[in-house]
Each structure stands twice: as structure tokens, then as C-alpha cells.
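A.B. asks: Chain residues, written in single-letter form:
Protein chains: 2
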Amino acid sequence: MKKDDRKFDILYSIIRDYIKTAEPVGSRTIEKKYNIGISSATIRNEMADLEEMGYLLQPHTSSGRIPSDKAYRLYVDRFMKRVDVDNYIRDDVRSLYNRYFGELEEIMNKTAQILTKLTNLTSLVSTPNITGLNIRDLRLIHIEDERVLLVVITKQGIVKNGEMRLNGIPTEQMLEHVANFLNLCLTDMQTEFSAATFAASIDALSPWEQKILAQVVEAIKTLFNQEEDIRFISNGVTEIFRYPEFRNDMDKTKRFLEAIHRNDLLSYLFTAMDDEPVRVRIGEENEVEQFSDCSVISATYKLNGRPVGTIGVVGPTRMDYDYCVSVIETLTDELTEHLTESIGGKED
Amino acid sequence: MKKDDRKFDILYSIIRDYIKTAEPVGSRTIEKKYNIGISSATIRNEMADLEEMGYLLQPHTSSGRIPSDKAYRLYVDRFMKRVDVDNYIRDDVRSLYNRYFGELEEIMNKTAQILTKLTNLTSLVSTPNITGLNIRDLRLIHIEDERVLLVVITKQGIVKNGEMRLNGIPTEQMLEHVANFLNLCLTDMQTEFSAATFAASIDALSPWEQKILAQVVEAIKTLFNQEEDIRFISNGVTEIFRYPEFRNDMDKTKRFLEAIHRNDLLSYLFTAMDDEPVRVRIGEENEVEQFSDCSVISATYKLNGRPVGTIGVVGPTRMDYDYCVSVIETLTDELTEHLTESIGGKED
DNA sequence: GTTAGCACTCTCTTTCGGTGAGTGCTAATC
DNA sequence: GATTAGCACTCACCGAAAGAGAGTGCTAAC
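Protein chains in written order, with our numbering: chain A, 56 to 403; chain B, 56 to 403.
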């Protein structure tokens with residue numbers, strides 16, 4: 056085990072060095088920059104072993120080594136240390152969040168911006184996908200002619216609205232009737248309801264109102280189902296040009312940029328909303344082939360203890376995992392806290 | 056003039072050829088591919104003249120010529136022909152617009168998508184920036200605790216809403232009072248109003264309600280002023296990789312991609328909302344330095360005859376101006392028509 | 001087990017003709 | 001006088017060859 060310790064000391068040094076320089080690391084570099092106290096020849100032997108074990112790769116026979124995905128995995132699982140994110144950053148984030156109270160879109164935007172600014176990586180934020188909501192209040196506001204604004208307030212304190220267009224021009228009264236009817240029926244009801252639910256008392260409404268009802272029900276469904284395709288807010292997609300392994304490889308850059316603009320791939324990348332606090336996917340571990348030379352760090356933020364969305368960064372596999380994981384953790388915490396404070400808290 | 060005709064025939068051929076191939080055009084190419092009926096030697100002489108006149112550039116002494124910005128400008132001003140956009144495309148666009156009736160965001164998104172699909176260029180759409188609105192109806196909906204949803208419907212049929220947070224918890228009645236008060240005062244009033252306007256009848260409200268009023272007024276202001284920074288929806292930013300002059304030049308690509316993600320530069324690019332139906336900016340003509348090796352075609356779409364936003368494409372200067380201008384024209388028409396039909400028409 | 005030494009490997013850079021597309025100029029032709 | 005054929009010249013592009021440099025693996029000595 057003593058011997059293995061040395062091996063992994065060397066591996067650790069190689070990883071740190073490669074993360075910093077993006078250049079294959081040779082045995083002499085290790086000998087000189089990190090004083091492990093053994094000669095380059097010995098280090099060479101160890102490196103050969105590490106290569107055999109699958110932790111190192113050699114771009115060509117006479118070059119230094121670079122860490123493999125497996126090495127990064129080991130690094131993340133075994134060697135990674137949390138880094139303290141400066142307190143003033145936390146404060147900045149909080150005051151920013153407070154400035155945009157209630158403006159969900161803006162909050163997500165700013166989160167992505169901060170994430171990129173701190174990590175120098177492309178950041179992604181999925182807009183909250185909140186399912187299983189219970190409607191508390193529903194309003195129908197007449198705009199003009201056939202146009203009606205549907206406003207839904209959920210028990211969880213989420214407000215959604217959308218414009219709908221009826222087949223005819225309603226009176227204020229009709230809309231009020233329908234809204235009242237629905238408010239009575241829907242209390243405590245999930246947003247996914249069946250038409251059958253209304254059968255009982257539907258006769259209270261006039262035929263015209265019943266028609267409106269049907270359309271409103273349809274509108275509610277689309278309002279709450281549009282989340283099926285999650286939207287992503289991205290920031291700093293051109294940060295990728297910072298990294299020589301991309302800057303010197305047009306194909307790689309092209310592949311990255313094309314993928315990062317594809318919503319379908321991003322959803323795939325962020326699918327699993329599991330309970331791991333922070334998830335790290337390294338290179339080939341990514342389900343999405345296009346990101347197989349990237350690493351993705353992501354975490355789910357929550358509302359009332361329930362995961363509703365994901366934030367993360369994407370970048371070269373040789374990213375600074377210690378720091379990035381810490382940043383993501385911090386921001387996820389802050390975001391969760393802010394959301395719960397600003398729109399949560401009323402759940403039954 | 057006869058002689059000049061021939062010169063410009065040659066110039067025209069060179070431009071067409073270069074647009075298609077992205078390769079410098081030589082005199083023999085012109086002689087063979089475009090039968091002007093004169094020998095390459097004569098063409099060479101004419102080309103030398105055209106270069107002297109500033110219409111052609113020579114990447115190096117012994118290469119063919121490429122058109123200068125000035126040549127494209129001449130082309131656009133003098134030679135460009137409108138191309139008929141297929142009818143089925145018009146139909147597609149219309150049916151698409153009808154499917155997303157009222158969903159402004161989605162409409163803009165789809166417009167950008169179509170634009171890219173048709174032109175193979177990066178497309179940009181600015182969200183409508185509608186000023187000088189008159190409020191017709193205003194609602195205050197209690198969400199929970201201090202949270203209130205403000206819904207404003209304008210005479211022009213535009214609906215805007217935003218969440219606000221009061222300093223205390225209001226009753227339904229208070230909100231109704233304030234809303235009614237504002238509705239009375241605001242009818243026929245611009246969204247930019249002064250606090251003084253209310254002085255007259257404000258005593259009808261309780262002190263608490265007056266406080267709420269002040270906050271609502273503030274909220275209305277931000278709701279209608281947030282347009283100051285116009286948002287852009289872009290699509291197909293990676294189309295740039297199609298074009299060898301970018302694909303083979305990482306710096307150029309980097310500059311382009313960095314610029315296309317910067318909102319401030321895009322606003323600059325799209326500032327002038329003049330009455331030209333379609334605007335073409337070629338290379339150095341662009342006020343934005345970062346786009347000096349690109350051309351921008353843009354047009355303003357309107358609501359009730361008033362320009363409210365811009366759509367456009369950005370790409371290499373050797374783009375197919377005839378086709379792209381026609382496409383932009385068509386889409387602008389359709390968008391204007393759709394908007395006016397769906398939310399306009401009620402203006403006094 | 002460790003290390004010094006050395007031959008070897010392989011990339012990267014530079015150099016150097018060769019090729020080919022295209023030009024400008026001159027002299028002949030219409 | 002305009003047009004064209006002919007020709008020398010230019011310059012990017014390509015591939016081969018040579019040299020440098022970083023790093024390795026192996027062997028033999030410590």
C-alpha cells in the first residue's frame with residue numbers, strides 16, 4: 056500500500072499539472088516541479104505502470120502522458136477537496152437574487168452568468184420544471200374579442216399564465232362563471248385532471264359556458280405540459296476558445312458548439328434528477344456522444360425539497376474539479392434557498 | 056457606357072462565381088464558365104481596371120480576384136433581383152404562426168428557425184419593443200402574502216404581466232380599490248405618467264392603499280421600461296461553420312461567435328429602425344467592428360404600421376443577397392401581418 | 001529497489017524544390 | 001485602336017527531407 060501511495064502521488068501530480076498546462080506531462084517535469092524525492096527514471100517506471108492500469112494515456116510513443124477519463128474519475132472520487140468559495144461571492148449572489156425577486160427568468164440568467172464568470176466554463180441552467188402542482192386559484196381575464204388571459208396560481212405559489220383564443224366572444228359574466236366553477240372543482244386537484252371530474256356538476260353552466268370550459272381545460276393542460284421540453288439558459292459558450300485543446304482543433308470546437316446549441320442533447324445531458332448533491336460526468340461517461348471529450352458538472356436545485364431544475368457547467372475534461380464542484384454546490388444552495396424563500400413554503 | 060457594360064458584366068460574373076465557390080476567380084474561369092465572348096487576356100485587362108476602381112481585391116499577386124465590399128454594394132444597389140419565395144413556404148409560415156397564436160416568444164423563435172433553415176445563415180430576431188402604449192385595463196391579483204401579480208392590458212391589445220412584492224400583506228379589497236382607482240385614472244393615459252396625475256382624487260384611498268398605489272405605479276414603470284435592453288433570439292449560430300472562409304480560420308470564427316452572443320453588439324447592429332423596407336450592411340459598413348467581415352440583412356416588422364422589432368441574418372459578405380433579401384422581405388411581411396391580425400387592430 | 005546513461009522514437013518546425021493557377025506585359029492580329 | 005496569343009514571372013500550396021527537442025524504454029551499475 057505504501058508503494059501504491061507513491062504511484063498515486065505521481066498520478067495526482069500529473070493530473071494537477073495537466074489541468075493547468077494542457078500539455079502532456081513528462082517524468083522530468085514531475086521530478087522537478089513536484090518534489091516527490093525520486094528520480095525521473097523511477098517516475099518513468101511508475102508511469103508505465105499507471106498507463107498499464109489505464110490511468111494514463113500517451114498521445115504518441117515519445118511524448119509525456121495525459122490522464123485518462125479513469126484517472127479523472129479516481130481523482131474526483133478519491134482526491135477531490137472542497138474549496139471554500141469566498142464569502143463575498145455568496146453575498147454578491149444573494150443581493151443579486153434579491154434584486155430580481157420573483158423574476159424567475161432573470162434569476163436563471165444571472166445564475167448562468169455568475170457560473171461562467173467564476174469557472175470560465177460554459178454554463179447551463181434549466182428552467183424549473185415543476186410537476187405535480189395543485190391549483191389554488193384560477194382567473195380568466197378578457198383581453199379583447201376572443202382573446203382571454205388565463206392566470207393560474209398554484210398552492211406552491213407558482214404563477215403561470217398564457218393567452219388563449221376562444222371560438223367566440225365571451226361576456227365577462229361567462230368567464231366569471233367558468234372561472235368560479237373551475238375554482239370550486241379544482242381546489243386540491245392536480246393540474247393533470249380528467250374531463251370526467253366535471254361531469255357531476257357541469258349542468259350548472261350554460262352550453263356556451265361549457266364550451267369555454269372545455270377550451271380552458273385544454274389551455275391549462277398545455278400551460279402545464281409545455282414543460283415537457285425543458286428550456287435551457289446557457290452562458291459563455293465561447294469560453295471554449297480559452298482552451299488550447301479546442302482552440303487548435305476546429306472539428307472539436309465545431310462539434311462542441313453545435314451540440315451546446317441543441318436543446319435535445321442538453322436535456323439528455325441533464326436528465327437524471329437524482330439525489331446526488333453534485334454529479335460529475337467525465338468524458339466518455341456522458342451519455343451524449345458529442346460531449347465525450349468534455350466533462351459535465353451538474354447539480355439539481357430544489358423547491359420545497361423537491362428537485363425542480365439543474366444547473367451545471369460543461370468544459371474540457373481537464374477542468375479544475377475541486378473548484379468547479381465547490382462553486383456549483385454553493386450556487387445550487389443559494390438558488391434553492393432563494394426559490395424556497397421567494398415562492399415556496401406554502402406546500403401542504 | 057457600352058464599354059462599362061462589359062466591365063460590369065465581368066464584375067457581375069465574378070461576384071456570382073465567388074458567392075458560389077468562395078474561391079478567388081481568375082480570368083480563364085470567367086472566359087470558360089460565363090461566355091462573355093472575349094478572351095481571357097481582355098478580361099484580365101478589364102479586371103485590372105476593376106481592381107483600380109476598387110471593386111476587386113487580389114489576395115496575392117498571382118491569384119484570382121475577389122469582390123470588395125464596394126463591389127457587393129454595387130451589386131446590391133444595381134444588379135440585385137428579387138427572387139420569388141416559393142408559395143408553399145409562405146403557407147408553411149402562416150400555418151406555423153397560426154399554431155402559436157398569441158405566444159409571442161414562440162412566434163419569434165420559430166421565425167428565427169425558419170430564417171436559418173431557408174438561408175443557411177445565422178438569424179436574429181429582436182423581440183417587439185412596443186412604446187407609447189395606452190393602458191386599457193389593469194388587474195391586481197393576489198398570489199399569497201405580499202406577492203401580487205400585476206396584469207396590464209393595453210389599448211393595442213398587448214398583455215404584460217409581472218410579479219411584485221408589497222411591503223405588507225394586502226386584502227383583496229385593497230387591491231381591488233387600487234386597481235379600480237388606477238383604471239379610472241389611467242384610461243387613455245400613456246404608460247409613462249407622472250405621479251402628479253393622481254394628486255386630485257387620491258384621497259379616495261386609505262393611506263395603506265396609497266402606499267400600494269405607489270408601488271404599483273413603480274411596477275408599471277419597470278414593466279414597460281424593461282424593453283430598454285432589447286432581447287434577441289438567435290438561431291443557427293453554428294451555420295458559420297458551413298463557410299470555408301470561416302471554417303479554415305479559427306480567429307475569424309472565434310470573433311464571429313463571441314460577437315453573436317453579445318447582446319450589446321446585436322442591439323447596436325439593429326439600432327436604426329428606419330423605414331427602409333430591407334437594410335443591407337456589407338462588411339466594413341457595419342458599425343460594429345466585430346462584424347466587419349460579415350454582411351447583415353435586416354428588416355423591421357411592424358404592428359399597426361409602427362416598427363416594433365427587427366429580423367435579420369448575419370453571414371459572410373459573399374452571401375446570396377438576391378435570395379436572402381427576398382426571404383427576409385417575405386418573412387417580415389408575414390410576421391407584420393400576423394402580429395397586426397393577432398394583437399393589433401384596436402388602435403385609436 | 002533506484003538511478004544514470006544512452007539509444008531510440010516521434011512530433012514539430014523549417015527548408016527546399018516542384019507544381020499549377022493566374023497574372024502582367026509585349027507583340028502580333030483583326 | 002481594340003483584341004488576343006504568347007510568354008516570363010509570381011506566389012500559394014504540397015510533399016519530402018533534415019534537424020531539433022522532448023520524452024521514452026531499457027540496460028547496467030549502484
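If you're looking for bench data, these hints aren't it; they were derived computationally from the structure.
One should not assume that every hint holds.
Copies of one chain are not kept apart here, so a pair can be met inside one copy or by any two copies together.
What the hints assert, rightly or not - Keeping only pairs whose Cα atoms sit at most 20 Å apart, straight-line, the calculated EDC-like set for lysine to aspartate or glutamate is:
no.	residue 1	residue 2
1	309	192
2	276	161
3	75	342
4	136	342
5	165	319
6	307	294
7	165	313
8	215	160
9	165	218
10	62	306
11	266	139
12	75	264
13	75	192
14	172	375
15	75	64
16	307	161
17	172	319
18	210	227
19	309	294
20	307	331
A.B. asks: Next step is simple, just say for each hint if it's right about the structure.
C.D. replies: Right, here's what the structure says about each hint:
Taking the shortest Cα distances, residue 309 and residue 192 never come within 20 Å of each other, neither inside one copy (48 Å) nor across copies (50 Å). Within a single copy, residue 276 and residue 161 get their C-alpha atoms only as close as 25 Å, which misses the 20 Å cut-off; across copies the closest is 17 Å, which meets it. Taking the shortest Cα distances, residue 75 and residue 342 never come within 20 Å of each other, neither inside one copy (27 Å) nor across copies (39 Å). Within a single copy, residue 136 and residue 342 get their C-alpha atoms no closer than 26 Å, and across copies no closer than 48 Å, so neither meets the 20 Å cut-off.
Taking the closest pair of Cα atoms, residue 165 and residue 319 come within 20 Å of each other only across two copies (16 Å); inside a single copy the shortest separation is 23 Å, beyond that limit. In the homo-oligomer, the alpha carbons of residue 307 and residue 294 lie at most 20 Å apart both inside one protomer (14 Å) and across protomers (15 Å), since each shortest distance falls under that limit. Proximity of residue 165 and residue 313 under a CA criterion of 20 Å is satisfied inter-copy only: 19 Å between copies versus 23 Å inside one chain copy. Taking identical chains as interchangeable, the C-alpha atoms of residue 215 and residue 160 lie at most 20 Å apart whether they share a chain (13 Å) or sit on different chains (15 Å).
For a Cα distance limit of 20 Å, the shortest separation of residue 165 from residue 218 across copies, 18 Å, qualifies, whereas the shortest one inside one copy, 27 Å, does not. Proximity of residue 62 to residue 306 under the C-alpha cut-off of 20 Å is found in neither arrangement, the shortest distances being 35 Å within a copy and 41 Å between copies. Taking the closest pair of Cα atoms, residue 266 and residue 139 never come within 20 Å of each other, the shortest separation being 59 Å inside a single copy and 43 Å across copies. Taking the closest pair of Cα atoms, residue 75 and residue 264 never come within 20 Å of each other, the shortest separation being 67 Å inside a single copy and 60 Å across copies.
For the homomeric pair residue 75 and residue 192, neither the shortest alpha-carbon distance inside one copy (55 Å) nor that between copies (59 Å) is at most 20 Å. Taking CA atoms no more than 20 Å apart as the test, residue 172 paired with residue 375 passes inside one copy only; the shortest distance there is 14 Å, against 38 Å between copies. Taking identical chains as interchangeable, the C-alpha atoms of residue 75 and residue 64 lie at most 20 Å apart only when both belong to the same chain, with a minimum of 17 Å there against 57 Å between chains. Neither within a single protomer nor between protomers do residue 307 and residue 161 lie at most 20 Å apart by alpha-carbon distance, with minima of 32 Å and 31 Å respectively.
Within a single copy, residue 172 and residue 319 get their C-alpha atoms only as close as 25 Å, which misses the 20 Å cut-off; across copies the closest is 18 Å, which meets it. When the C-alpha separation of residue 210 and residue 227 is checked against a cutoff of 20 Å, the pair qualifies only between copies, where the shortest distance is 17 Å, while the shortest distance within a copy is 26 Å. In this assembly of identical chains, the alpha carbons of residue 309 and residue 294 lie at most 20 Å apart whether taken from the same copy (13 Å) or from different copies (10 Å). Taking the closest pair of Cα atoms, residue 307 and residue 331 never come within 20 Å of each other, the shortest separation being 30 Å inside a single copy and 41 Å across copies.
Of the hints listed earlier, those the structure fails to meet are numbers 1, 3, 4, 10, 11, 12, 13, 16, 20, in rising order.
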